[in-house]
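K.L.:
Single-letter residue listing:
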Amino acid sequence: MFDRRLLKNFDFLLLLITLAICCYGLIVLSSATQGLSSADPLLHVRKQLTWIGVGLAMLLVVISVDYINFYRWSWYFYMINLVLLGLVLYIGKDVDGTSRWIELRFFDFQPSELAKLIVIITLARLLVDCKERMTGLFSAWPFYLHILPPIGLIFMQPDLGTALVFIVIFFGMLYMAGVPLRNLAIYAAAGIALLPILWSRLMDYQKMRLLVFLNPEMDPLGYGYQLMQSMIAIGSGGIMGKGLYEGTQARLQFLPEQHTDFIFSVLGEELGFFGGAFLLALYFLLIYRILKIGSYSKDSFGALLCTGVATMFSFQILVNIGMTISVMPVTGLPLPFMSYGGSSMLLNMLSIGVVLNVGMRRHKIQF
Amino acid sequence: MLKRTRFFITMLLLVFVLLCARLAYLQVIQYDTYWNRAEKNRLRILSITAPRGEIYGRNNEQIVTNRPGFTVSLVDLGDGYSDDTIARLANLLDMEREEIRNKIRSQFYRRYLPIRLKTDVSMQTVAEIAERRTELPGVLIEVQPIRNYVYADFAAHIIGYLGEGTVPAWLEDYWEGHDDYKYRIGDLVGQAGIEMAWEPFLKGVDGGIQVEVNSTGQAIAEFERVEPRPGHDLYLTIDVPLQFSVEQALTEAVERLILEENLYAGEAAAVVLEPHSGRILALASVPSYDLNTFHQDFTDLQGDRRLRPLVNKVIEEAYPVGSVFKMVTALAALEEGVVSPNERVNCAGSITRYNATKSCFRGTVHGPLNIVQAITRSCNVFFYEMGLRVGIDNLAHYTRRFGFGSPVGLQDIFGEKRGVVASREYKQEIYNEPWYPAETMDAAIGQSFQSMTTLQLANYVSMIANGGIHYRPYLIEKIVDSEGEVIKIGEPEILYQLEAQPVTWERIRQGMIQASLPGGTAARLADFPVSIAGKTGTAQAAGSGSKIPSHSLFVAYAPVENPEIALAVFVKHGGTGGTTAVPVARQILEQYFNIEPEEVEEEDVTA
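One line per chain: the protein sequences are H and E, in this order. Terminal number for the first sequence in this note's numbering: 377, no gaps in between. Terminal number for the second sequence in this note's numbering: 935, no gaps in between.
Bound conformation, chain E alone (with noise of 0.2 Å):
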């Protein structure tokens, strides 16, 4: 044998008999240290729950913030866990003995860790478990942190809530792309909102202490410690006396139609933007929720088939929009050269193309109109002819250019659907069917196939306010870490710009203004101090002749010299758009610009 050879094998010898000596010296020497320990093998680790990031308005104001809760867990304590525990344990904390069960078996891999059994118990369901400590061997309370919203049902669709459930694999590789997140099944993890889009910078990263616990479960000795890192905390860029008031708009207009006895509506969203940056000011969904009951209304609200509370409706349902529409109309007419700024169609009242008759709202003659009036005076008869002159192609191609079709660009919130551009294609794809050019009439008046978000909406009417830039709707200003570091800073993001001549700009604008003037369709702003540019809509929910109430539609900006903000409301069933939409957009604009509100005055305006 070689030299080198029996030197390896000599060394070898000598490495397992050095490990040999360490087994002996563990196993023989000192055995009874170690018998001892494994007999009583008591050394478990409990979780430090990290308080997660609080939430602030743009004005610093706590929206979010946590409280401490008791939680109730149950540790292994060598020799599994009785009936008998499981029993007294389901009847003090309400809950079936299988779901007890079905959580042990959930973690049977790691069963020096806790079990978490419920969250959040009260003071007397802790007094009552502390009283039968003996009676309950291994049950352990700690305190975690708890979420605490300030307000209840204050923006409940922008902070979402957090939950248990499963998450999907997109998700938690979205999670996991960011900072060093890593989703344990078990968490409490966002499930809407900004707590679902931003939860691997919200949750933080949990400490934990390795303990000894006693026969009953009690931590009696302490060894190691980890402390927990707090997650960010978050500034919104929502202002919380405006997202207040949008509130407490939608939710009285919606009041007032249901004393109406009007059986269809309970439902309204609106959103409110800056047109130069894409900041959201305030964005609310009707019906809302209770963030800090949720848990206990959960079934309910997602029982409620009709009104969905769940659902956000700014981003999460697209709907037709009627005659606020019309500016896309008048833009791609203008652009295209097939009508000149100053040209004037005459308004019979209605319009015979194709073999279809189409006439204007409740029949109303405007005679003859230019662009500028057409809008003001919401004529229909004037766009139906102008979207037979531009064409369905041109007009889905412009109608994409603002935004529609596809979603807006939120990334804050997750769940923006895409709506509908009536196009040739789409009709083709879903119904097979050919473009009919007496469909082209609908949809220049924004009805037809044409469906759009709110949030859409509002990205539109600010793109006509900025001169056609898209901006990235945003919610969070910046996010600063528990040092008070800020690690991230929001920033307005242009997607895109819709080139226009200037003219057709103004023209556009001028029908806005004017329809918020005396004679115009949104004439109950007339006597607002700030100049505002507006368009009215009322879209047909069902087809003509229906007795279901139309879905009632408002966008504006203003001031118009110098845009500040720019808004969508939108009240499902509300009627015609100047009736519940235009007073639910005045509320909003008295509480931006700190305007007294009106004198509450019943009169009879037409759309």
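Chain H extracted, bound-state conformation (with noise of 0.2 Å):
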């Protein structure tokens, strides 16, 4: 049965505020996606409100298991991961030189995904099992071995954007499990002086795709253009927007992932200054929430799978959010749970299921 001083501390505004960004998320899609499939408009809303459903469905099977049990089936996640991201590489669908998708009946599978929360509930383990090696500068080298392999098979594929992610949750969760700042500094400041070795062993076609990323502009016909068309977009919008349906650079299709990678554009013109300041605000409080019901959690563990998922969406709101207003490069990643998708989106409500999870538990069960 289903504990009732759990539902006590059931954190209902958290979903509250999950449920809304996906309302927002679907109103913003049905705009987006006008035009994009003839024979039923409402193809993409359709598959993405089923998406969503299939999320809170995992959602509640990931809170009636104590995460506790996430710690001690640790190893058998990391090693699960480890077999993903490998089989990827061989078996995944090629889409524009990158295998990133498992073909699956239903839809296609993104391994990278799922990587990032089960990294998050990994590396929580081992920084809470190796805490004595937290504040001396050498002995933090176990959470770097922890964290390479799945980094590297995710740089394979190849997919710059996600590895970056992981590299961010990765020095949050250092941060928050007080890891000395200054080391993290010199931390961050060995990986960039070791980066010319990673670029020399580069295939030109990955150093090409890496310099576009920093630099669309080399791209003028392709990314270069898509941002430009974004800025023209979110600009036109102004404080009030041209009104939901009535943005002219979403209906002509100007950019090319405007339902995925894109979205914030199409919001941006349509909503305004204020659709925008709006979905900020709502995100704000999502991770603000995560955050807080990280630090009530029992134990440490609970607060590190917080603090994990509250740096993995800041770090991708930041990233896409900054892409379409041009303080950011384009990376592809998704904006969370407003971009059209079935991986992330599943993800995105397992994490926030891991985090209401923590958070349901937070007193020691008394008898």
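It is worth saying that the hints were derived from the structure and are not from the lab. As the structure is a prediction and not an experimental result, all values here were calculated from the model. Ideal placement from N, C-alpha and C gives every residue a C-beta, glycine not left out. Heads up, a few of these hints could be off.
For lysine to any residue, the following SDA-like pairs were computed, each having C-alpha atoms within a straight-line distance of at most 20 Å [as the list claims (entries may be wrong)]:
hint : chain 1 : residue 1 : chain 2 : residue 2
1    : E       : Lys-510   : H       : Leu-231
2    : E       : Lys-331   : H       : Ser-305
3    : H       : Lys-217   : E       : His-506
Derived DEER-like restraints, expressed as beta-carbon distance ranges [what the hints assert, rightly or not]:
hint : chain 1 : residue 1 : chain 2 : residue 2 : range
4    : H       : Gly-253   : E       : Glu-492   : 34 to 42 Å
5    : H       : Leu-147   : E       : Asp-515   : 49 to 57 Å
6    : H       : Lys-217   : E       : Ala-497   : 25 to 33 Å
7    : E       : Glu-892   : H       : Leu-205   : 56 to 64 Å
8    : H       : Lys-217   : E       : Glu-492   : 29 to 37 Å
9    : E       : Ala-349   : H       : Lys-217   : 27 to 35 Å
10   : H       : Pro-152   : E       : Pro-820   : 54 to 62 Å
Dock the two chains into a complex; use the hints.
P.N.:
Encoded structure:
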């Protein structure tokens, strides 16, 4: 039976914010996908709705298992993660020279999405287990060793954007676990110093990809063009926006990935500054709630889980929105709960589930 | 709350405030600028098509080049396309309205790119459009490189044509396995021949320009430009003068047959190889087609169900080959030791075994013959006997070792057929019947189920010339990029070697040498100044006694002492090998060895 006391600590507000963002996303999606499928104009909205539904169901499953079990199963998760990431390199569907998806019957599964949550869980356990290694500069090596294989495999896909998310999650969790700031700065500096070696090992096309990633101007007919169109869309939205379904940029399909990576551009054009600021406010509340749950958790494992999820969301929001307004490079990272896509929606829901789980079990059960 | 958590939240708030500030900057302060740009958002991307790689002959003769052509495109100016414009365009371009609408629909997800409606339109159409510019908003005229075939219908089956149709998945995978090639729907791509197999090398990488267009769709300002990277040039192994004479000889032979009121004639094929490398010097299939007018002629070409001009008959069709096959049986018999090199077998004009009586061509009685004489005079009875002595299983084994029954390995043109090797397994599989010994006799003279492509025959005669080495036939001498740098060099590749005793090769070659001397079946070549080893074939196209003319075949290599070329000629329903295929081969050899043509004299020669 479900414990009543668990329900008492269930953070309805977090779930509510999540659902609010999802609904907001569906509305913008319905505009962004106008005319994308002539047979069924609501095809993408319907599919996205299905993912939200499936995601909620999975969220329920996740919260019914005490999160302390995630700690126990951590190493299984880690192995499964490596197998999936390895598998995608071999049987992955090839799209524009990258293999990121495993084709399943119902949808294209993207193992690197699931990998984010798994790394958060397994790294949290490692940080709890090796607390004493935290403060030394060199004793922290197991943390690096832990994170290297999954990042390496994702780098090989190659999916540079997602690999970067892992690095940021890693540093975020190390910081919250109590690693001295001075050490973090040294690690980061060492990492940057190693970049030239890594660079020399890359294939030409990978180098090109990286260069374009850092400087979209190099690809004026591709990313550079998208970026300019995105800025025109958002800028022309003004304070109030042109109104839902009224965006001329969006209607002309100027933004090639407007229902996935560039959905914020559609929002900016049609709902204006208020619409964009409202979304940012929702996101801020979401992350604030997650961190708050983390800070009240009964153990440091729970706290670290929440930190990891919060870092992941924060970084993706920053990079995605930053990309559409030209303050961040074009990476192809989805906007949480807004971008169209099954794998990321499921992963985001699961992550919220993990956080809710930590919140529900914040008091030690008393007999 | 932990100190670090508070710090995290503070940082987050700061980042979000900065994002908001940037949004405010774009949407409030810069609003007018962006609103104006969106209002007349006429930034479009015009693609610059990369010139396709050119194709040259072995002595650097231009075969395929590019010339500038006009393409009419339609660009969305922000409010879709009016029915009026579409109707006017359909009229001007002689297209159906629905066709134009389909093209528009196929690009709905990339509306900022112009839609190409028609390539290579005439100057007159361009002038008509230019006059009515104001009535045709969004209509663009771009200059694009168009294929120019220097000799029109020359080597059409080697070069192949371009088209826009759908590309099967295996081909897309094959292409994308090369270089950094990317296929996009709507691209003009190779659909046959070298243009198809070497598409990733020929295509190059398209460039583009970011332009601002005015209210009628004319580009008024250019922002960014990416130059195209031209495709790589291909240098073929094809000997252009030789290819010309092969095509001419085949065409003339076929025309002569038609004049003689042969209702079945019309198709022919020939290929010339270097026996010591596998280089293809000439490859021709008749009837051919004119590449310059291909798209206008396409419906007719495809509709010709009888002669099927689009089919490359050198590789895509396999036929019974008759007596040219006899060297296989000879090799099998000598190698299996069922006949000695000088043993004589008596030909009484016919032979009766297993209740079947089979006779020599036109009932000729050859008397006692050894294996050399049997090849020279193409005695069926001798080879019926040899077939029975080696048995169908051994015969099938040696047939396969000569490269029959599987593709020869040409990779520069797709579509090579396997043909059929008459065997117990084949009959069981197709007819679900056991093999009858009497059928072995037919198989031994290249009839029964035996069927071979002309390319397989050329490879076979090459193997006889070079002592059993199966080279992969190839057409690409080298590939050169637009900078002039050589990217790839075609090199001979040995696939395997058929080992046989020296005496076996000697006997077989001797038979072929004498066949081209007085008294042989190819006696028309007797006065040829260069020594030739050859073998004729007259393959029954229908059941015996039928009125349908036989296929005429000839395989040869020359000079005998140091073979430079090997050739196979196939004339469908051309009658006996000696009457049709041998004169074609003579014309080819005359061109290759620079010899004055023989006096045209009509004489009856039996095969």
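K.L.:
Among the hints numbered above, which are violated by the structure, and what are their numbers in rising order?
P.N.:
The structure conflicts with no hint, since it agrees with every one listed earlier.
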